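Peer 1: From first to last, the protein sequence lines stand for chains A and B. Note that this note's numbering gives residue 29 to position 29 of the first sequence, counting from 1, and the numbers run on in steps of one. One rule links them: number in this note's numbering = place in the second sequence (from 1) + 1000.
Since the hints were made in silico from the structure, they are not lab data. Some hints could be false.
Unchecked claim - Which residues of chain A face chain B? A few of them, derived with a C-beta cut under 8 angstroms, are:
| hint | residue |
| --- | --- |
| 1 | Pro44 |
| 2 | Phe89 |
| 3 | Pro95 |
| 4 | Phe97 |
| 5 | Phe100 |
| 6 | Phe102 |
| 7 | Gly103 |
What the hints assert, rightly or not - If you anchor each label on the Cβ, the simulated ranges turn out as follows:
| hint | chain 1 | residue 1 | chain 2 | residue 2 | range |
| --- | --- | --- | --- | --- | --- |
| 8 | A | Gln60 | B | Ile1054 | 30 to 40 angstroms |
| 9 | B | Ala1052 | A | Gly1 | 17 to 27 angstroms |
| 10 | B | Asp1026 | A | Asp17 | 39 to 49 angstroms |
| 11 | B | Arg1108 | A | Lys57 | 45 to 55 angstroms |
| 12 | B | Thr1015 | A | Lys42 | 22 to 32 angstroms |
| 13 | B | Thr1086 | A | Lys42 | 17 to 27 angstroms |
| 14 | B | Asp1056 | A | His7 | 25 to 35 angstroms |
| 15 | B | Thr1086 | A | Asn3 | 41 to 51 angstroms |
| 16 | B | Ser1084 | A | Gly16 | 39 to 49 angstroms |
| 17 | B | Ala1052 | A | His7 | 32 to 42 angstroms |
| 18 | A | Thr78 | B | Pro1105 | 25 to 35 angstroms |
| 19 | B | Ser1069 | A | Gly1 | 22 to 32 angstroms |
| 20 | A | Gln60 | B | Thr1005 | 28 to 38 angstroms |
Claimed, not checked - Subject to a maximum C-alpha distance of 27 angstroms in a straight line, what follows is the list of computed DSS-like cross-link-like pairs (lysine-lysine):
| hint | chain 1 | residue 1 | chain 2 | residue 2 |
| --- | --- | --- | --- | --- |
| 21 | B | Lys1009 | A | Lys37 |
| 22 | A | Lys71 | A | Lys111 |
| 23 | A | Lys42 | A | Lys58 |
| 24 | A | Lys71 | A | Lys57 |
| 25 | A | Lys111 | A | Lys37 |
| 26 | B | Lys1014 | A | Lys107 |
| 27 | A | Lys42 | B | Lys1009 |
| 28 | A | Lys71 | A | Lys37 |
| 29 | A | Lys71 | A | Lys58 |
Nothing here was measured: the structure is a model prediction, and the numbers come from that model. Note that CB positions come from ideal geometry on N, CA and C, so glycine has one too.
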Amino acid sequence: GENVEQHPSTLSVQEGDSAVIKCTYSDSASNYFPWYKQELGKRPQLIIDIRSNVGEKKDQRIAVTLNKTAKHFSLHITETQPEDSAVYFCAASSPNFNKFYFGSGTKLNVKP
Amino acid sequence: NAGVTQTPKFQVLKTGQSMTLQCAQDMNHEYMSWYRQDPGMGLRLIHYSVGAGITDQGEVPNGYNVSRSTTEDFPLRLLSAAPSQTSVYFCASSYWGYNEQFFGPGTRLTVL
Chain A
1 GENVEQHPST LSVQEGDSAV IKCTYSDSAS NYFPWYKQEL GKRPQLIIDI RSNVGEKKDQ
61 RIAVTLNKTA KHFSLHITET QPEDSAVYFC AASSPNFNKF YFGSGTKLNV KP
Chain B
1001 NAGVTQTPKF QVLKTGQSMT LQCAQDMNHE YMSWYRQDPG MGLRLIHYSV GAGITDQGEV
1061 PNGYNVSRST TEDFPLRLLS AAPSQTSVYF CASSYWGYNE QFFGPGTRLT VL
């Protein structure tokens, strides 16, 4: 099955700085890559996603880039704010979109 | 809309006991899934369903059963609980696999 690796496991940045979280995947047939944010004690919530026919997608301060050749994708958060502090998970879907494989998570701490 | 609901929120079992975790959604989603979340391991897919009467195994299905008799409900059964099943369990649903997955609030299960 698919193997998704996520780095770093923890990330501490100063408010206003940028944060980058990287994920790699093993199955070249994977074609959908969502990112989830999970605040402490809460449920995961989708923040952005990208499909394999797109190289980059932006939504305000959040962007995701995908390099299919290298099999990696990254989450970029600009102008970080304390409310961005959470655990972020990347995921990759199976080719038929029925199975999702998650990375182990990145705990982002934004210091005011 | 209530979204995705799960019951109970907390449960303590003894080894060998059985129980059912309930999951329901009122968004008429075809795709439903169960994940377990363990520290440092992200979310792992247990079972999923692409519609009423159709279920399939995910990444870690052993020790769990599911059924899908209606579009709304997708219960997860633990047949004989083991300490290794201590975890937080999330149910999720979406219109289809490549759409946003909405997660329930989770069930924290402890097996003694």
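Peer 1: Failing hints, ascending?
Peer 2: 3, 11, 15, 22, 26
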